[in-house]
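S.K.: Chains D and E are the protein sequences, given in the same order. So that you can map any letter, position 72 of the first sequence is 72 in the numbering used here, and since no number is skipped, the others follow by simple counting. So that you can map any letter, position 34 of the second sequence is 34 in the numbering used here, and since no number is skipped, the others follow by simple counting.
To be clear, the hints were calculated from the coordinates, so they are not data collected in a lab. Note that the structure is a prediction, hence the values are computed from the model and not measured. Positions of the beta carbon are idealized from the N, C-alpha and C atoms, including for glycine.
Here are the in silico distance ranges between beta carbons for each label pair:
(1) D:L102 - E:R138: 51 to 61 Å
(2) D:K46 - E:V129: 39 to 49 Å
(3) D:R19 - E:G195: 41 to 51 Å
(4) D:L40 - E:N258: 50 to 60 Å
(5) D:N91 - E:P229: 53 to 63 Å
(6) E:E20 - D:L102: 51 to 61 Å
Rough simulated footprint, nothing fancy, chain E against chain D, three-plus residues with beta-carbon under 8 Å:
(7) 20–32
(8) 69–83
Example chain E residues on the side facing chain D (calculated, C-beta under 10 Å, incomplete):
(9) D32
(10) L35
(11) M38
(12) D87
(13) A116
(14) E119
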Amino acid sequence: MPLPPKLQEIVDDFASMSREEKLETLIGYAESFPSLPDWLTEEREKMEPVPECMTPVFLFGEKQPDGGVVYHFDIPPQSPTVRGLAAILANGLNGSKPEEILSVPADFFTPMKLEEAITHQRINGFIGVLAHMKQAAVKLLENKSKN
Amino acid sequence: MSYVHPEYLVDTEWVAAHSEDPNVRIIESDEDPLLYSMGHIPGAVQVDWFSTLQHPVRRDFLTKEQFEEVASKLGITNDTTVVFYGDKSNWFATYALWLFQYFGHQNVKIMNGGRAKWEQEKRPLVKDVPSYEKTTYRSKEPDKSIRAFREEVLKQSSSKKPLVDVRSPKEYSGELISMPNYPQEGAQRGGHIPGAVSIPWSQAVNEADSTFKTPEELRALYEGKGIKPDEEVIAYCRIGERSSLTWFVLKYLLGYPNVKNYDGSWTEWGNLVDAPIEK
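Isolated chain D (complex conformation) (with noise of 0.2 Å):
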């Protein structure tokens, strides 16, 4: 299965960057990172942490009417890359399909050559992102077939 249109295209423009260019596109997610919803912040337990990452992060899959899934993170202000990165997942899956989510390869973004810009550890981390988004459609899946 293809990677998500968005997914692709921001891992085509990534791997078309230099350095400096991947890390002020990093910068701008990361300004542009969204504040979470009221209605989830008063929930806030519902999220789930990412014990993988270097920072406290937590997310939240939350399914539209039309199957697709919206994607809430919580991640401190003094972790800007954890939050771009972040972001790239969000913005390349937000409004796919749980079976979509869950075909995404867990290499799709060698291509995108982040070790230029950031470290392997980082890496680990945006991996285990990823790994916790796809838990999150798991259980959307789970739950549909149970209603």
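Take the given structure of chain D and dock chain E to it, following the hints.
M.R.: Okay, now just chain E, sitting in the frame of chain D:
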């Protein structure tokens, strides 16, 4: 009682007053390399522990010539007072300071409390990246008296001399091979170097504002665990960043004459064939 070398520490007020001082260069060194771009102390430049200070190919620091180029580009002369600050209670600020000392830069200071304290005090953060006129910096030969290599660490361990493991208790015990909540990768084996005492780096700083604890508290902490000034001490962690903070505390705040940072740390030791390990 005061710190033994208080001149190595400045407070946020001092930095605010010297942000335009041409004899002072303020350097931000963070764990998260994008923090500087999100806003930094006016006039401050950035070094990244990895992309600025590491050798681009080997696992080592820059060469002397490469370091000279970095310092020159930052507009630093051999006489500039360089003040470091950063996130995570100044882990990577002390790491950068240690490395500047390794290349012979004498006039260095840490901003007590780092970024956290500056932000708590609601002091200004700006996005403008300053540029300073390029200098011709001349580095000294690397000062190996503050850097430990694996052979020395092995000797230190087998002769039962002081080693300080500054990682978290679970890393020391071998239950984890990286910090809690960090990816568990980077070493084949868990545990600690035989004979090392566990004094987590965080015990040296106040949680509330990231400043260093008082001289009395620090002395009690290290001497209470048998780490005394009369012997050579080697500190280590996972990659040498947290142990830079402990190195700074022992060397300058407590005035221990002979302290080394083992930057190979657990990512070397825990992978080294035949290296003794205690659990």
